[in-house]
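Enquirer: Letter by letter, the chains look like this.
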Amino acid sequence: MGSITDLSNLLSKVSGGSSGAPERPWVFVDNRVGSAAATTPVASRWSSLWLYNRSYNGVSANPGAVNVPTRTSNGALTVANASGGLEKKLLGIEGVCTQQCTLLLYDRLLHISGLSGTSTSAQNVQSGSGVALTRNTGGVGNQIWAEIYTAIGTTATTITASYTNQAGTAGRTTVATAFGGSALNNAQRMINLPLQAGDTGVQSVQTVTLAASTGTAGDFGVTIVRPLMTAFCPVAGGVLNRDLLAGIPPVQTIDTDACIAAMYLPTGATAPQLFFGLGLVDA
Amino acid sequence: MAWTNHAAVKAARANNPIPPLVSNTNGMFGAGLFGSQFSGSTPGASAACDASTTGGLIKLNNLALDSGKTYWLSRSWFCNTGSSTSRRAMLVDRLVHQGGLSGTVTSEQTTNLPTAALTRYTGGAGVHIGLQIYTALGSTSVTVTARYTNQAGTGSRVTPAISLPSSPPAAAFFPLPLQAGDTGVRSVEGVTLSASTLTAGNFGVTLYKPLGILAPEAGPNSTQVSSNSQNVMNEREHLLGGICTSIDPNACLDLLVQAGSSSAVYPYFIEIVPEQ
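Protein chains in written order, with our numbering: chain A, 1 to 283; chain B, 1001 to 1276.
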């Protein structure tokens, strides 16, 4: 396992010595998706930045059939893999944001779109696909999120996922979670599916099932997420700075071929613009 | 070159012959994400910017950096003594700029384009596009796109449209996203407005490289920011942490600043140190 030994070693690495290979990717994220304004967010509801227009490796299409995004996929905050037996370390973030919010950076391990908001049958995610996780395959810490790409209906219902947990036990079921209806049917909405009691992670998601139709098919999917860090913008127009060298969480290891992505939790109903950069080294 | 150890950083700071750069106080406005503090003449024909460019911070502070050395953003300070609140500033290297675009032309504008060749970050990776307003545009809100050549040298790429607000004032600065998959820009060839803003004004394209976020106003939460942060000095450490930024000695340093209102506020102070 790689490490940063002390402050002098850190200084050397972030300035290009000691095989640090530092990277500083910067991205401007506009509050538009394609040719239109992003969907108005809802306070205290997570929204995905995956489709937001950006200045760094943006996305132009929904995920489609289940697949594993990597650092070379459109949408990834692409960074080079570490070399020489070292590991890629995320040291922090600095940026600005036009709205008060919490930003969550994560490794997007797997995604799918094209699921229907009107079907009450078990809808396949990985079942029968042959697609499996390629990163954090043991599953500990992985989370299941429903992600809406085109608005589903206004009829409130619940959603569950059938999954295999971190111990390889299949047939686990997430806690039924509100889905559809006001504030939970919008495009770019992300809804966390809590795991079955006692579970701490996910190796695979077989299917998702709606308890009832939401009234509109729309388009939604499932995203398997491994959280990396959060950053907080305390006020509209404020900074979004966080250094992981001191505090919790500690410096994060970025898996080989990770697809670094982001979602945000707003406190208001205005889609944000963000401009942020990451600090990464090999250690 | 790289820092060998912490002692070298301490020595560099202790023996630093470069006084802190003092920024301008212009460019504060209330619309959009940023305003540019660039105080040079309004550009016409596209030109590459460097440390000798009037309006850049190195020239503004009458400095001449050694082109054979590596410089690092070390610390920054900000103290808001004004009635408005200035909440963020991004330090950038202003690479290339041009002006003379009109807020009333709705066909693709190529006046003073394509942008001049990059002289730094010449491959285009990590280079961003911004639109800077030099004379206010009109009251009709429009969208705008730019046609550009990306980091791989592929031309005819088109940015997704951004929204320009009503009557963007002089100094307003609007970053542009890029076409899906792109990670940088080598040049911009054209700009297109969706409609007339009703006032010609003057705006232009700036290619720039983000460098870092400077010290914000003091106060970690919304209640403190609004009033209690006045007259409180805030410092940000840039070197002894995980986010470390090198400064090209030929850089044309500019600040993109956003303020809560149009009131002027006090400047930023920026320390850069040469690597030992």
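If you are wondering where the hints come from, they were derived from the structure by calculation, not from laboratory data.
Take the hints with a grain of salt, since some may be wrong.
Here are the simulated distance ranges between beta carbons [to be verified]: (1) Gly1123/B with Ala178/A: 42 to 52 Å; (2) Ser60/A with Thr1111/B: 28 to 38 Å; (3) Thr1054/B with Ala37/A: 48 to 58 Å; (4) Ala178/A with Ala1117/B: 28 to 38 Å; (5) Asn1061/B with Asp6/A: 30 to 40 Å; (6) Ala1200/B with Thr154/A: 41 to 51 Å; (7) Thr154/A with Gly1044/B: 34 to 44 Å; (8) Trp1077/B with Thr158/A: 47 to 57 Å; (9) Val140/A with Gly1040/B: 46 to 56 Å; (10) Ala132/A with Thr1110/B: 27 to 37 Å.
Every residue gets a Cβ at the ideal spot worked out from N, C-alpha and C, and that includes glycine.
Enquirer: Now, for every hint given, state plainly whether the structure supports it.
Expert: Going down the list of hints, with the structure as the test:
Between glycine 1123/B and alanine 178/A the Cβ separation comes to about 48 Å, which falls inside the hinted range of 42 to 52 Å. Restraint check, serine 60/A to threonine 1111/B: a C-beta distance of roughly 30 Å satisfies the suggested window 28 to 38 Å. A hinted range of 48 to 58 Å is violated for the C-beta pair threonine 1054/B and alanine 37/A, which are about 38 Å apart. Here the CB-CB span from alanine 178/A to alanine 1117/B is close to 55 Å, at odds with the stated 28 to 38 Å.
At about 34 Å, the beta-carbon gap between asparagine 1061/B and aspartate 6/A stays in the expected band of 30 to 40 Å. A C-beta distance of roughly 46 Å is found between alanine 1200/B and threonine 154/A, which places it inside the suggested range of 41 to 51 Å. Under the hint 34 to 44 Å, the C-beta atoms of threonine 154/A and glycine 1044/B, about 54 Å apart, miss the expected range. For tryptophan 1077/B and threonine 158/A, the hinted distance range of 47 to 57 Å is satisfied, since their beta carbons lie about 52 Å from each other.
For valine 140/A and glycine 1040/B, the hinted distance range of 46 to 56 Å is satisfied, since their beta carbons lie about 55 Å from each other. Distance hint check for alanine 132/A and threonine 1110/B: the Cβ-Cβ separation is about 50 Å, which falls outside the suggested range of 27 to 37 Å.
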